[in-house]
Amino acid sequence: MAFGVRLHVWGERACFTRPEMKVERVSYDVITPSAARGILEAVHWKPAIRWCVDRIHVLKPIRFESIRRNEVASKLPAGRVTKAMKAGSVDDVPQYVGVDRQQRAATILRDVGYVIEAHFTFTDRADDSDSPGKHLDIFNRRACQGQCFHNPCLGTREFPAAFALVEADADMPTVDSSLQGSRDLGYMLHDIDFANGNTPRFFRASMADGVIEVPPFVEALA
Amino acid sequence: MILTALNNYYQRLASQDKVPSFGFSSQKISYVLIFSMNGEPLQIADIRDATGKKPRPTLVPVPFDKGRASGIHAYPLWDKTAYAFGVAADGGERTGKEHAAFVARQKELFGVSDDPSLIAFLTLLDTWKPSKLETLPGYSADVLDANFVFRLDGRREYLHDNAAARAIWRQTLQGDVEAEGQCLITGETGPLGRSHPKIKEVNGAQQAGASLVSFNEKAYESYGNKGQANASISRLAIFGYSTALNHLLRRSNHNHQRLQMGDATVVFWAEAPDVKQAEAAESFFAAAYDSPTDEQEAARLGSVLDGIAQGRPLESLDPELHADTKFFVLGLAPNAARLSVRFWCASDLGQIVRHYVDHRRDLMLDPVPWKGVTPATWWLLRATAPNRNGKPNAKDILPQLAGEMTRAILTGSRYPRSLLANAIMRMRNDGDISGIRVALCKAVLAREARLGVYAPSHFQEGIPVSLDRQSTQPAYLLGRLFAELENAQRAALGKNLNATIRDRYYGAASATPASIFPMLLRNVQHHLSNMRKKDKGGLAHTIEGEIAGIIDGLGEQFPKSLRIEDQGRFAIGYYHQSHARFAKNTSTKNNPPQPEGE
Chain H
0 MAFGVRLHVW GERACFTRPE MKVERVSYDV ITPSAARGIL EAVHWKPAIR WCVDRIHVLK
60 PIRFESIRRN EVASKLPAGR VTKAMKAGSV DDVPQYVGVD RQQRAATILR DVGYVIEAHF
120 TFTDRADDSD SPGKHLDIFN RRACQGQCFH NPCLGTREFP AAFALVEADA DMPTVDSSLQ
180 GSRDLGYMLH DIDFANGNTP RFFRASMADG VIEVPPFVEA LA
Chain G
0 MILTALNNYY QRLASQDKVP SFGFSSQKIS YVLIFSMNGE PLQIADIRDA TGKKPRPTLV
60 PVPFDKGRAS GIHAYPLWDK TAYAFGVAAD GGERTGKEHA AFVARQKELF GVSDDPSLIA
120 FLTLLDTWKP SKLETLPGYS ADVLDANFVF RLDGRREYLH DNAAARAIWR QTLQGDVEAE
180 GQCLITGETG PLGRSHPKIK EVNGAQQAGA SLVSFNEKAY ESYGNKGQAN ASISRLAIFG
240 YSTALNHLLR RSNHNHQRLQ MGDATVVFWA EAPDVKQAEA AESFFAAAYD SPTDEQEAAR
300 LGSVLDGIAQ GRPLESLDPE LHADTKFFVL GLAPNAARLS VRFWCASDLG QIVRHYVDHR
360 RDLMLDPVPW KGVTPATWWL LRATAPNRNG KPNAKDILPQ LAGEMTRAIL TGSRYPRSLL
420 ANAIMRMRND GDISGIRVAL CKAVLAREAR LGVYAPSHFQ EGIPVSLDRQ STQPAYLLGR
480 LFAELENAQR AALGKNLNAT IRDRYYGAAS ATPASIFPML LRNVQHHLSN MRKKDKGGLA
540 HTIEGEIAGI IDGLGEQFPK SLRIEDQGRF AIGYYHQSHA RFAKNTSTKN NPPQPEGE
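Chains as they are written, first to last, in numbering that gives the first Met the number 0: chain H, 0 to 221; chain G, 0 to 597.
For reference, chain G alone in the conformation it holds in the complex (with noise of 0.2 Å):
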């Protein structure tokens, strides 16, 4: 289903003209050599795009039969300095050979035709010496190694694009067929291809591309079979399904179809009759797993999805969207020089909008830790990750984990458990009960209960999204407990503490309450006391309450100890709580006091 979606979409890319057709590739180019019809070289001129800090080479496309490994093989009409010169940067003796290598193609393949550009050419490779290419005008340093396209002086199209080069490079094509069969992309029989094209910017792949099809040991061959034979897939199909997915993982600022999550390269794209109804489709997804770069789009992303949640259907919110529009999702991971499909989704546009906005509810916190109407994907992920110097670093995030969530998202499925368990070792481990970790803890425990994962007859009780304070659950009237002993610790000590119960006593008050709590019970008595003997009488008045109501909710004893889901209820109550404090805080500026020994 991979390579056929994305053989689909090389039709609908080549209908726009935006990749190039069968036999071509696009090529990073960073010089044009003008020659006159003498053949005499002119000069050197620079297309690469300078836009940036560092001028970055454009991609034009050019005739491309296979890649070049570590033999000698030279493309026609455009090559880099050591094929197309005998000019390279380190001059090894190879050099020598691959320049007359190049020669030799070009006067094979289009020694026979009698255009005027290409007897040109010709007569320039014959006249060539090495020397020539430092004493022509616009030489520099770079220029050594760097790929080369050629043009003759007063044309304004380059040589690979002439008519006459086309036509014998597409007769060259037509010519080696090594096999036929049956296609397992398209189902037709027909000329079988042998190499397939490396898959380029893949983060953490190699440099020179990775392979999304390759067997390239013993041990992944079948029946006998050699490499690529090992996979019948025609020719044009291989061109297209590559073409396709290196045009979605190009590097661009406007390729908006490319998103990081973890250590997975995410692509995505939309199948649609219309063109326009596709690129809107894409645009939101992009939107919404990526968080919204300007004020409009965030408002115009927040609206849909709060109709979504109220259950309008999605024409009516946005008359762009469908929700029958096809939609795919492919991570790739890399893995040395090959890659592997971390997770692939195809379903419509409906579904994926309607599995992103249970995830959003499935997440929702009050007070909402995020800003912004919905909290990137890359974000979460990097909540879990430990704070190394302050800052999570995107290479902790566990590949697994950030494959799994992404696909939990996308379908609907129930979040990894592991999601739970590392975001309780995270906030065990940084003492930082952060919001969003507490709105992972909360997404876990809601979609299992919403799922209803367990048996009817295992308690399964719902997670508030904001401080319920009739809530029996007693892990969560616990996680509320621990907040307010806190909060009398700093009303007690100062604000200045340089560590508080939670950096201390998280931890094991949220495994193992039963050997915590009474002991911070005894010293909250003092730090009371401390509080009436400071005229904050009114303050410990109020945490006395709070504290009372909060234990007439517990059982006779303390739970020993706590089941990871309870630990994750126990940080969402000391959430819910500690925040509490501070909206009631804000709201009493703006209400009346309320009088002391109330």
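So here's chain H without its partners, still in its complex pose (with noise of 0.2 Å):
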């Protein structure tokens, strides 16, 4: 596509949660549309254009690993901030994480390597200086040198991507011959409809030889 990229993107560790198996966290099998929009947009993004990830390759095999994790059960209400800020001290603030502590299990991806193929489109907050040659310049420049807004992330932020441009001319990085044949993935999140009350959409993934056709936002509505 005109406006296509190709990332390449690796990291030691991922982890991809499932939205029911959020607590004790198991991780998808591949890297989610949503994911990988996330380490695009980390790499350039303008309120004008909108990352849409078009096909996604994996290129090492699956791997698994189980960690333990102490963290904390509750989440610091924004009410507590607000009254704090209006009474001027911050003795009621703090979270002690003594009494609040719970060891949550992880079920982590290791060793993963993906290729990510996405174009951008324009959104209603273009204007007549947005075109799409300056913003696939901007990317590829700054994928190239390694640039970002904020260290892009596999899935969560422990666990922080390494990436590479794939230039229109290069050759791919070559596929693990334990990703040949076809294999159906189950249905995974797409991305989240933001626009109508944070709803989830869900896709049927299936990879055939280590490539997943991811399609477009709108039909995985139905």
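Treat the hints as calculated values from the structure; they're not laboratory data.
Quick reminder that beta carbons are idealized off the backbone N, C-alpha and C, glycines included.
This list has only true hints and no planted wrong ones.
Mimicking DMTMM-like on lysine to aspartate or glutamate, the simulated pairs with C-alpha atoms at most 25 Å apart in a straight line are:
#, chain 1, residue 1, chain 2, residue 2
1, H, 21, G, 216
2, G, 27, G, 89
3, G, 197, G, 179
4, H, 21, G, 177
5, H, 21, G, 200
6, G, 394, H, 64
7, G, 225, H, 192
8, H, 59, G, 357
9, G, 325, H, 183
10, H, 59, G, 347
11, G, 225, H, 99
12, G, 370, G, 467
Have a look at the derived ranges for each label pair, beta carbon to beta carbon:
#, chain 1, residue 1, chain 2, residue 2, range
13, H, 67, G, 223, 25 to 33 Å
14, G, 453, H, 150, 26 to 34 Å
15, G, 165, H, 67, 43 to 51 Å
16, H, 191, G, 278, 38 to 46 Å
Sample of chain G residues facing chain H (criterion: CB under 7 Å; computed from the structure):
#, residue
17, 0
18, 183
19, 212
20, 219
21, 339
22, 340
Build the complex from these two chains, which are given one at a time in their own frames, with help from the hints.
Written out as structure tokens, the structure reads:
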């Protein structure tokens, strides 16, 4: 596609959490389009563009690992902070981990590598100065130089992603032999529909020789 | 994938009528109240399962809408005595309210029906007094707080199985739809469920049951969704997966689809076009991972595993097993009121069997330290637990280790490195160099060598299965040397020693050989001269020759310290040499003895 880009991302660990197993985290087998979009947005994003993921290439075999971590059980309520701002004192604000500790297990992915193929479209906040060439150039330059707004992550912030641009005329990285053949991955989260009350949308994912075709977001509504 | 696979399994079970359909659930019921057409209670019948030491309630499919937490919620046509009769063991004030709620619910649901049994039942409730319960024949102290169902005298079915009652109940369920959305299990848009039934019978979890999908703290909610709204799953799918999982976890002598590995409860099931194929696959897996119960099964398992090791296809060894049967294994660990997934494996039977054969080959040691065809996984894990009062306790097995080891066996990936470290640590602490611990060390090292974990430039030798006299691996030779030195000590000082050098020096010898072996070699000369004095000259000569042969293979110096992998090889060398001695002794009984001085 004219505005298409290809980004190679990899990392030691990844956790693309299933929505239903969010407490004791279980990861999806592969990266979700929503996480892929997050990585692209970390490299380059403006309100004028919206990234749409077209295809995901899985490069490394799917391996899981189980870890346990101590976390807290509650979030800081916004009301407590506003009350402290009005009262001018932070005495009531702190949360103490000691009384709130919860141990949560997580089943995460090990040694992942993906190539994300995506394109961008313009939103209604684009104006005359925005052209496809301009944003494409910015993205390619930033991806080449390793520039990003914040470090892209593989699902959750504690698993950082390394990224490299796959040039338009360069060869794709090789896919591991264990991924040959077709595999059905069940229903995967496509993305969250922020415009309609934060509803999640799912799509039927199937992997053929390591390639997952991602339908456009509008189709995933059905 | 987990919930989708469970839901599919539910469809298969439902088509065989092994599980209740939507709106019903199998609950533990102990008694039946039989009543007459006039609404008079006649007697209490006991339907508990009396085969064991204590009578256990039977599982009966009854209408079920949602779990009862702390509020008052009455069930239709069945409930415990506090709700159904207003009688409870502790006689609290809530009992009256609970009974009133029960009566109100039955009237609300079934009041408009004109079925004679239901009318008789409602008459029974209208004229019921809590004091009547004790007067009925069949009453005993166990009746209080037990679950009751009802039956009309002269009918064979329970009241809730009545056709009219079922129709009304199904109608009621269609009724309250709260939210609609896309289900993440089936992908269809439909009414989404709010509450997930509890998963019972997981070892170590709460008695009332734990939840696989739950969001019981604020930190677990996202996008402002509360509770189960965080996971959009349709009601039918919720019912499907929870019923299938509860069915797999049920405690019964006929349930072979459930194992315990460490702290994780493991369930497994197969998906095949033919029911017999699926059941054959499941029983094969049960036999492989939990030692087979009878001789025939063990022999069959052994022949299949040997055939696979030779590279023959699965179908040719056993016509009922097919390599492409889909197989699922789920390990659940308890975490207070929640369940966490310890591991999940979805692959086909061919791969699982092949990985199991690899595991057995990696573990194999000669002489074989286990009885039977293959060691059960839980027994392997127990070898890593400390021997308290002579017996290892399953609770001492590290849970992470159990989960990762099972995952390694199922998927063929590397064993957890902590397995090697734990086995060596156990051997040093207990002084018990048991065959199974040595086999675990060997398995870790053999698999790493096979998978080519280290770069080819790094010297990686294979691990011998039986005694290898030609090996020049220094740690292996040191292990063999240690075994011979212990042999010399035993031969010189007699069988009834309180502590041999193994008890005193094994740990130090295996970790820092350079500081221990010179001293041991000095002492062995005394033992050898002792033996010559006691007329055991021939034995002394043999041992001397053996020691010389081993030291020949060692380099100029004893290594100052051994890495953890080499400590594993040390243990393997020790085991091989000490057991080869026994084998040699038994063979010399059969063969004529060697002339002395040879």
